[in-house]
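S.K.: Each protein sequence line maps, in turn, to chains A and B. If you're matching positions, the first sequence starts at 15 in the numbering used here and goes up one per residue. If you're matching positions, the second sequence starts at 7 in the numbering used here and goes up one per residue.
Hint data in this document are derived by calculation from the structure and do not stem from the laboratory. What you are looking at is a predicted structure, and each value in this text was computed from that prediction instead of being measured. Each residue gets a CB set at the ideal place from its N, CA and C atoms; glycine is no exception. Mixed in with the good hints there might be a few duds.
The following label-pair restraints were derived from C-beta to C-beta distances [what the hints assert, rightly or not]:
{"hint": "1", "chain 1": "B", "residue 1": "Val28", "chain 2": "A", "residue 2": "Ala178", "range": "16 to 22 Å"}
{"hint": "2", "chain 1": "A", "residue 1": "Asp146", "chain 2": "B", "residue 2": "Pro183", "range": "20 to 26 Å"}
{"hint": "3", "chain 1": "A", "residue 1": "Glu132", "chain 2": "B", "residue 2": "Pro197", "range": "45 to 51 Å"}
{"hint": "4", "chain 1": "B", "residue 1": "Trp216", "chain 2": "A", "residue 2": "Gly170", "range": "50 to 56 Å"}
{"hint": "5", "chain 1": "B", "residue 1": "Glu14", "chain 2": "A", "residue 2": "Arg51", "range": "35 to 41 Å"}
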Amino acid sequence: MAEAPTPSQTVGPFFGFALPFPGDRQAVDPDAPGAIRIQGQLIDGAGEPVPDGLLEIWQGDQFARSRTDPEGVFQVVVRRPGPVPGPDGRQQAPHLNVTVFARGLLKHLNTRMYFPDEEEANAADPVLQQVDPERRHTLIARGENGVYHFDVRLQGDDETVFFAL
Amino acid sequence: MTTADVVEFDPPYLHPDYRATVLRAPSRPLVRLDPEWFHHAPGPAYGRTPVGPNDNDLTRQHRGEPIGERIIVTGRVLDSDGRPVPNTLVEIWQANAAGRYIDPGDDHPAPLDPNFTGAGRCLTDAEGRYRFVTVKPGAYPWRNHPNAWRPAHIHFSVFGPELSSRLVTQMYFPGDPLMAHDPILQSIPDPRGRERLVASFDFDITQPEWALGYRWDIVLRGRNATPMGI
Numbered sequence: 015m016a017e018a019p020t021p022s023q024t025v026g027p028f029f030g031f032a033l034p035f036p037g038d039r040q041a042v043d044p045d046a047p048g049a050i051r052i053q054g055q056l057i058d059g060a061g062e063p064v065p066d067g068l069l070e071i072w073q074g075d076q077f078a079r080s081r082t083d084p085e086g087v088f089q090v091v092v093r094r095p096g097p098v099p100g101p102d103g104r105q106q107a108p109h110l111n112v113t114v115f116a117r118g119l120l121k122h123l124n125t126r127m128y129f130p131d132e133e134e135a136n137a138a139d140p141v142l143q144q145v146d147p148e149r150r151h152t153l154i155a156r157g158e159n160g161v162y163h164f165d166v167r168l169q170g171d172d173e174t175v176f177f178a179l
Numbered sequence: 007m008t009t010a011d012v013v014e015f016d017p018p019y020l021h022p023d024y025r026a027t028v029l030r031a032p033s034r035p036l037v038r039l040d041p042e043w044f045h046h047a048p049g050p051a052y053g054r055t056p057v058g059p060n061d062n063d064l065t066r067q068h069r070g071e072p073i074g075e076r077i078i079v080t081g082r083v084l085d086s087d088g089r090p091v092p093n094t095l096v097e098i099w100q101a102n103a104a105g106r107y108i109d110p111g112d113d114h115p116a117p118l119d120p121n122f123t124g125a126g127r128c129l130t131d132a133e134g135r136y137r138f139v140t141v142k143p144g145a146y147p148w149r150n151h152p153n154a155w156r157p158a159h160i161h162f163s164v165f166g167p168e169l170s171s172r173l174v175t176q177m178y179f180p181g182d183p184l185m186a187h188d189p190i191l192q193s194i195p196d197p198r199g200r201e202r203l204v205a206s207f208d209f210d211i212t213q214p215e216w217a218l219g220y221r222w223d224i225v226l227r228g229r230n231a232t233p234m235g236i
């Protein structure tokens, strides 16, 4: 019998003096080859920005962290990922893992950002295929040429798809 | 690995007694995926901030010593098989002894302490052990409901080896009468789960004529096995 994990609690409102660190938004140098910028807004169920959120972006060995600003905006710089093999050997479309923390979130949320210019790979992606086709667009960023926009909606008609791991 | 054999103590996303969940809890069911589909990194994925030797002593980050009850908080980070999770980043943050955060967003009319920031970090050792020296945080009011007070707590952020082991939580102190009235702690439905967030006072950790000792172990989701496949 495995031991139950320690339960989660909210990150609360007052992490801004503790969790951000110099350079946390840049997993790679913005001028490095393959560097892309991602910006987005974290939005609550009333359509209001979440100004006290924290997002973490993971992909391979890359990690970036961005606190949201008063307009709920986060931004990071990462190296554009390539396709990644999944545990069953099938290829996954290029994507970034996105973790969302905020006051009012008793547990963090996990989602993924996919790229709009990877239509073929997205159509074959084994994780996207498990998502209701009507909701897949919530996981696909907008933009091109190294600048992408990815909003995270916690509730509402266009609520972002979140994953339980 | 399946999660079927693991008791779940996590709170729900929606817990209306904690008002901020009402507009922030996702309303659609989460899409359940095997954690293997997510980030899997051998060793600490998070290694970009150098952890300094004094980062785990919150009483020595300024010229003078902070006011308050000096405490040692230590324990082990374990996987769900009880094996240590070594070399993983643990971050903490807290209010000062008066119940005031240094965060500019905190307007509680209690004094700031010029000798206390309230943030620390360390890496676990080979046995998964972490250790912080700090002062006991004070309780503080919030506006969730009339006469609402948070019990004394220390926020913890722990990474572990993979995305699914990521944990942000809060550690509470034994005997605090505010715990029974706190909608954040009480959002955990199972009393055994709430108990898991309460540290134990420990004379073996307590240092005579210097600091009280508390022990608190953390269990991360998943097994610290060799990554498969990826």
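S.K.: With reference to the structure, classify each hint as holding or not holding.
M.R.: Verification of the hints:
| no. | hint | verdict |
| --- | --- | --- |
| 1 | B/Val28 x A/Ala178: 16 to 22 Å | 21 Å, holds |
| 2 | A/Asp146 x B/Pro183: 20 to 26 Å | 46 Å, violated |
| 3 | A/Glu132 x B/Pro197: 45 to 51 Å | 47 Å, holds |
| 4 | B/Trp216 x A/Gly170: 50 to 56 Å | 53 Å, holds |
| 5 | B/Glu14 x A/Arg51: 35 to 41 Å | 37 Å, holds |
When the structure is compared with the earlier hints, a violation turns up for hint 2 alone.
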